[in-house]
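Chain order of the listed sequences is A and B.
For the first sequence, the positions run 173 to 287 when my numbering is used.
For the second sequence, the positions run 1042 to 1151 when my numbering is used.
Hints were generated in silico from the structure; no laboratory data involved.
Only true hints are included.
Quick list of in silico lysine-lysine cross-link-like pairs, BS3-like style, CA-CA up to 25 Å:
1) A:K236 x B:K1138
2) B:K1086 x A:K192
3) B:K1043 x A:K213
4) B:K1138 x A:K213
5) B:K1150 x B:K1120
6) B:K1083 x A:K192
7) B:K1138 x A:K238
8) B:K1138 x B:K1083
9) B:K1120 x A:K213
10) A:K213 x B:K1083
11) B:K1120 x B:K1086
12) B:K1086 x B:K1043
Heads up, incomplete: computed chain B residues facing chain A, CB under 10 Å, no partners named:
13) P1085
14) K1086
15) S1090
16) N1132
17) F1141
Reference excerpt, derived from the structure (chain A facing chain B, CB under 10 Å, subset only):
18) L218
19) T221
20) S267
21) E275
22) F278
23) G281
24) R283
We put the beta carbon where it would ideally sit given N, CA and C, even for glycine.
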Amino acid sequence: GAVVSQHPSRVICKSGTSVKIECRSLDFQATTMFWYRQFPKQSLMLMATSNEGSKATYEQGVEKDKFLINHASLTLSTLTVTSAHPEDSSFYICSATGTTNNEQFFGPGTRLTVL
Amino acid sequence: RKEVEQDPGPFNVPEGATVAFNCTYSNSASQSFFWYRQDCRKEPKLLMSVYSSGNEDGRFTAQLNRASQYISLLIRDSKLSDSATYLCVVNGGGGFKTIFGAGTRLFVKA
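Sequences are here, hints too, so could you generate the full structure?
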């Protein structure tokens, strides 16, 4: 299947700093990318959906000014957690789709720890 | 009612057992259905798509019942390596929204 990479895989930062996470589709053009968050022992929660060249669509309860999403090309989307706080510590996973059957290909995830 | 509901389990079964998971969804306009597998602290990976006619892949069989709005996953001859969380995924109609179930945890023991 298609490959999606995510960088970094793990990040530890101080409270108040901003963290950028990259999501890349390596061997296909991703028309749509999704950003999820998963807390321990909980389900994946969709944060936002982004289409290349347009503004992301955020799910209810997700602050767009805190979680900045940029999808500048068909192979790259970035999520920036601005002014991170300990409650933002979570596993962030991106996925991408470029096919017509809506199968999503997931990145390996980024584990964010905010001290 | 949740948009996608699954029994969280855990299901504890011996090796070689047959185990079945069900998942119900609320949006009758949903178009695509999938089962994903997620290992601990890893990303989800597609196990199989679910078609109206039902589909089988080795020891795994998935079925869709649109009238009752549920999908199922059957695992035969369970292996230790099948231990994971199985996520039911439903892609809604217009709007392209994908909803994940909370997952069903399976433990296969020797």
